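Novice: Residues per chain are reported as follows:
Protein chains: 2
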Amino acid sequence: MKKVTIHIALKQGVLDPQGQTIQTSLHSLGFTEVEEVRTGKTVELFLEDSADIEARVHEMCDKLLANPVIEDYSLEVEEALRT
Amino acid sequence: MKKVTIHIALKQGVLDPQGQTIQTSLHSLGFTEVEEVRTGKTVELFLEDSADIEARVHEMCDKLLANPVIEDYSLEVEEALRT
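Residue numbers (this note's numbering), protein chains in the order written: chain R, 303 to 385; chain Z, 303 to 385.
So that you can see chain R by itself, here it is in the shape it has in the complex (with noise of 0.2 Å):
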C-alpha cells in the first residue's frame, strides 16, 4: 500500500482571489507583516503498489485533478503507514 501525496499549486503569475482575501484578513487582525499569501491544495491517495504507481498518478492528475492551464503540482510517494 502507497500513498502519494500530491501539492497543487497556481502557476506563478495567476491571481489567487482566495490568497488575497486571507491577506487582508490577516492584515485587519494585525499581522501586517503578511506580504503575500498563496494557497495550495493537497490530495493524499492510498492505493495498492503497483509498477507504473507514478505514472497512474499523472494520468490522473491530467484527467481530474489538476488544471494544468492555471495549475502546477507535484508528487511525493512513500509507503502508507497504515493497512
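It should be emphasised that the hints constitute simulated quantities derived from the structure, not laboratory data.
Only a predicted model underlies this, so the values are computations on that prediction, with no experimental measurement involved.
Don't take every hint at face value.
Identical chains share a label here; the pair holds if one copy fits it or two copies do between them.
[Claimed, not checked] Mimicking EDC-like on lysine to aspartate or glutamate, the simulated pairs with C-alpha atoms at most 20 Å apart in a straight line are:
| id | residue 1 | residue 2 |
| --- | --- | --- |
| 1 | K305 | D364 |
| 2 | K305 | E335 |
| 3 | K313 | D354 |
| 4 | K305 | E337 |
| 5 | K305 | E346 |
| 6 | K365 | E378 |
| 7 | K365 | E335 |
| 8 | K304 | E373 |
| 9 | K304 | E335 |
Based on these hints, arrange chain Z on the given structure of chain R.
Specialist: Frame of chain R, contents of chain Z only:
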C-alpha cells in the same frame, strides 16, 4: 524575507466528503486501485523575517487559518527565493 508553508489537513477520523467525491470520480475513470482519498490545503505566506516568526504564524493559524476542532496543521519555514 521568509516563506512559511502551512499544511492544513483534516484530523484522522473526520469525514472528508470532498475526498470521497474525488475517489468516486477516480473509480468512474477506471482508477479502481485508489482505496482512500484525503484532501488538504496549503497556505504559503511571504513575510518579513523576525525572531518570533513561528509564534506569529501559529497565532495566525489559531485565529484565522485553521480550525483546531477538525484540522491539524504543520509549518515549514524557509528563506523566500523572491525578494
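Novice: Could you work out which earlier hints the structure fails to respect and list their numbers in ascending sequence?
Specialist: 3, 8
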